[in-house]
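2 protein chains.
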Amino acid sequence: MKEIDVLRSLCVPTESKIVLLVMDGLGDLPTDGQTALERAVTPHLDRLALEGACGLTDPVARGITPGSGPSHLSLFGYDPFKYILGRGILEALGVGVLVGPNDMVARGNFATLSEGKITDRRAGRISSERNMELCRLVNSSLQSVRGIAVELTPGKEHRFVAKFSGEGLCDRLSDADPQKENKPPVGTGAQTEEAATAAAVVNAFIEEVTAVLKDQPRANTILLRGFSKHPTIPTFKELYKLKAAAIANYPMYRGLAKLAGMDILDVGPDISDLFDTLDRHYADYDFFYMHVKRTDSAGEDGDMEAKTKAIEKTDGFIPRILHHNPEVLAVTSDHSTPCLMKAHSWHPNPVIIHGRTAMPDTVTFFSERACSHGYLGRFPAVHVMALLLAHAGKLQKYGA
Amino acid sequence: MKEIDVLRSLCVPTESKIVLLVMDGLGDLPTDGQTALERAVTPHLDRLALEGACGLTDPVARGITPGSGPSHLSLFGYDPFKYILGRGILEALGVGVLVGPNDMVARGNFATLSEGKITDRRAGRISSERNMELCRLVNSSLQSVRGIAVELTPGKEHRFVAKFSGEGLCDRLSDADPQKENKPPVGTGAQTEEAATAAAVVNAFIEEVTAVLKDQPRANTILLRGFSKHPTIPTFKELYKLKAAAIANYPMYRGLAKLAGMDILDVGPDISDLFDTLDRHYADYDFFYMHVKRTDSAGEDGDMEAKTKAIEKTDGFIPRILHHNPEVLAVTSDHSTPCLMKAHSWHPNPVIIHGRTAMPDTVTFFSERACSHGYLGRFPAVHVMALLLAHAGKLQKYGA
Numbered sequence: 002m003k004e005i006d007v008l009r010s011l012c013v014p015t016e017s018k019i020v021l022l023v024m025d026g027l028g029d030l031p032t033d034g035q036t037a038l039e040r041a042v043t044p045h046l047d048r049l050a051l052e053g054a055c056g057l058t059d060p061v062a063r064g065i066t067p068g069s070g071p072s073h074l075s076l077f078g079y080d081p082f083k084y085i086l087g088r089g090i091l092e093a094l095g096v097g098v099l100v101g102p103n104d105m106v107a108r109g110n111f112a113t114l115s116e117g118k119i120t121d122r123r124a125g126r127i128s129s130e131r132n133m134e135l136c137r138l139v140n141s142s143l144q145s146v147r148g149i150a151v152e153l154t155p156g157k158e159h160r161f162v163a164k165f166s167g168e169g170l171c172d173r174l175s176d177a178d179p180q181k182e183n184k185p186p187v188g189t190g191a192q193t194e195e196a197a198t199a200a201a202v203v204n205a206f207i208e209e210v211t212a213v214l215k216d217q218p219r220a221n222t223i224l225l226r227g228f229s230k231h232p233t234i235p236t237f238k239e240l241y242k243l244k245a246a247a248i249a250n251y252p253m254y255r256g257l258a259k260l261a262g263m264d265i266l267d268v269g270p271d272i273s274d275l276f277d278t279l280d281r282h283y284a285d286y287d288f289f290y291m292h293v294k295r296t297d298s299a300g301e302d303g304d305m306e307a308k309t310k311a312i313e314k315t316d317g318f319i320p321r322i323l324h325h326n327p328e329v330l331a332v333t334s335d336h337s338t339p340c341l342m343k344a345h346s347w348h349p350n351p352v353i354i355h356g357r358t359a360m361p362d363t364v365t366f367f368s369e370r371a372c373s374h375g376y377l378g379r380f381p382a383v384h385v386m387a388l389l390l391a392h393a394g395k396l397q398k399y400g401a
Numbered sequence: 002m003k004e005i006d007v008l009r010s011l012c013v014p015t016e017s018k019i020v021l022l023v024m025d026g027l028g029d030l031p032t033d034g035q036t037a038l039e040r041a042v043t044p045h046l047d048r049l050a051l052e053g054a055c056g057l058t059d060p061v062a063r064g065i066t067p068g069s070g071p072s073h074l075s076l077f078g079y080d081p082f083k084y085i086l087g088r089g090i091l092e093a094l095g096v097g098v099l100v101g102p103n104d105m106v107a108r109g110n111f112a113t114l115s116e117g118k119i120t121d122r123r124a125g126r127i128s129s130e131r132n133m134e135l136c137r138l139v140n141s142s143l144q145s146v147r148g149i150a151v152e153l154t155p156g157k158e159h160r161f162v163a164k165f166s167g168e169g170l171c172d173r174l175s176d177a178d179p180q181k182e183n184k185p186p187v188g189t190g191a192q193t194e195e196a197a198t199a200a201a202v203v204n205a206f207i208e209e210v211t212a213v214l215k216d217q218p219r220a221n222t223i224l225l226r227g228f229s230k231h232p233t234i235p236t237f238k239e240l241y242k243l244k245a246a247a248i249a250n251y252p253m254y255r256g257l258a259k260l261a262g263m264d265i266l267d268v269g270p271d272i273s274d275l276f277d278t279l280d281r282h283y284a285d286y287d288f289f290y291m292h293v294k295r296t297d298s299a300g301e302d303g304d305m306e307a308k309t310k311a312i313e314k315t316d317g318f319i320p321r322i323l324h325h326n327p328e329v330l331a332v333t334s335d336h337s338t339p340c341l342m343k344a345h346s347w348h349p350n351p352v353i354i355h356g357r358t359a360m361p362d363t364v365t366f367f368s369e370r371a372c373s374h375g376y377l378g379r380f381p382a383v384h385v386m387a388l389l390l391a392h393a394g395k396l397q398k399y400g401a
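Protein sequence lines correspond, in order, to chains A and B. Throughout the first sequence, residue numbering follows this note's numbering, covering 2 to 401 in sequence. Throughout the second sequence, residue numbering follows this note's numbering, covering 2 to 401 in sequence.
Just to be clear, a hint being listed does not mean it is correct.
For identical chains, the list gives no copy identity; a pair is met inside one copy or between any two copies.
[Said to hold, decoys possible] PhoX-like, lysine-lysine: derived pairs with alpha carbons at most 25 angstroms apart:
#1 Lys398 - Lys157
#2 Lys83 - Lys3
#3 Lys310 - Lys238
#4 Lys343 - Lys18
#5 Lys157 - Lys314
Hint data in this document are derived by calculation from the structure and do not stem from the laboratory.
One chain only, chain A, in its complex shape:
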């Protein structure tokens, strides 16, 4: 029996509540001797560390730097080597395209076609505004191709997401992108027999879009790649018998939570808005995933000052969670984004589990290095969900 199946068999619904607060990209490396988390003044997080059990988690595996997809799946308890999200899906989630079971999405570029060759794969990096206008033009000219509904959603610069909706689509398709410039355009190819219909639809779509764009000076064709259908992922309800809600104000994280079957709650753009939403819906769910983005974006910018401030700001709202007295409050991250590296990294996430049955250990403040001495030890993030369920009294005994 696999561990995940054992876990699933042990879950029981209870009244108890779990709040999982994810500070994206929280883990850091020292600059002038301190990480952002060590520099930040965080009395509330330190109190949680003092009272709770601490540790470090590896998002995927030692040395592996995860994107937001694998790192979140892992934190939600899905084996990140088994559940792999296509690039098209992630791009779609990032721009807020909802993807259902009959939908197939792809990442797209507007590109320049000249004398039978793709001379610019990014159409001169047109502005995001121009991109919006072009998507609107295509959407108004073309609603469906061969009975399949089609829609473009603009991203940044020359990038967009194409969504194909209808029965019988299969995503085993090669990229409709020559990858290099000054090569002729290539259509998509079906990699299995089942995908033949989808390939014909996609190629007809590219042809029709190119006809719509024929008078445009630069953005006169499109390239499509990373075709992906909605992945088959068991929901939080199926796996854990949880009624789960996501409180996140960025599309990518709302989309990832949606894949796990969480309800996506309305929330404003600020950190404080996350806690207002929690207050409003606290009675309605037994699991809350709360996502703070600012820590990650400050890390990506290499802005230690902004990262420190984002941590301090979040710290100030911890009493808003404790006020509800959840059975379990966990604070952690999906991955590290050290200011030093200005990028995601493989470094482990500090984690606190706070609740009546959490072992208070010798860790007295919240930091990467302090948590390395915690009672929870260092473990793969995919085991976090089992710990949260256990601490909330939602797991029965295994065997007699």
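Knowing the structure of chain A, use the given hints to seat chain B on it.
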């Protein structure tokens, strides 16, 4: 998707350099309260521990004492439960026999045959010198058997390695050794149909060698066991896109590195010679495996004084590595060889990873017990390579 396949898919070649310094059998147990590593004065290793990230690795699994084969394979990133080297291969590597894809090797004993029975499986433990003379005699009398080239390479006392070279050899052969004395000799048997040709070659070889040795007083026949062909192991180039070199002055470790596809560099017999070779070839490779043997042999002898000195001597050369400013310097061991036990053991290896993106933790000197408090935690040695590649910036992000 398996972790090793994910890792492989993420590797990118870069200019950055990794030095992996392996002090064989380094881990120890206290004698009079201190391990050899704790007793040794090691200012340079302590500085690496202070500046770098520390931890403990289990060579194979908790409680498992590995031989040099599994412990090195694991350190090189090969699952030691999947990649298993035959005894013949290890014996061959140990005496410096190069084994190619068409070669099959076996461990051999000179033995005494009397009145149709093996009366001494070790031919009275003849001297190593006598062994060399006998191997020379056999090699000069017999160059091939049934079209297969044959060659003996002497080991210590009565032991040698037999190498069979030619097309179509299969190593699924039973041992040509009655295992007990006062039993008749046994030929090898083919364990699969494919191995029938090899079995016939081996049995004819034993018969012809016995004819050559018929007038010898004690060493008048041979026993062969552990038939092994070259194992199929992906190379460092295939797995990690590394241009790797081994700097090791013992045949076993040169042979293990050769199996992993590393270039084997010329090096003299002393510890200092390792660093001279590093200087000469630093520009030519992006991964260096350096192997110090003396720590292990001192442990095997139970000689705490010699082990301490070997550690101190190696410590003195650390600045020679740092002088080149490699992106990553890791210092660890393949397994422990406690002086108290005079043998390999299952105790974990202390490890330091030093480099710009390594987290400086609270460990301030290099020892088994200090490293148990390190930020890297305790983990299977098979994950060391992923960490080295990550710290050297040679791994792309997993997923988006």
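Cross-check of the supplied hints:
1. Taking the shortest Cα distances, Lys398 and Lys157 sit within 25 angstroms of each other only across copies (21 angstroms), while inside one copy they are farther apart (50 angstroms).
2. Taking CA atoms no more than 25 angstroms apart as the test, Lys83 paired with Lys3 passes in both settings, with 13 angstroms inside one copy and 8 angstroms between copies.
3. In this assembly of identical chains, the alpha carbons of Lys310 and Lys238 never lie at most 25 angstroms apart, being 36 angstroms within a copy and 44 angstroms across copies at closest.
4. Proximity of Lys343 and Lys18 under a CA criterion of 25 angstroms is satisfied inter-copy only: 21 angstroms between copies versus 35 angstroms inside one chain copy.
5. For the homomeric pair Lys157 and Lys314, neither the shortest alpha-carbon distance inside one copy (29 angstroms) nor that between copies (58 angstroms) is at most 25 angstroms.
Going through the hint list in order, the structure does not satisfy hints 3, 5.
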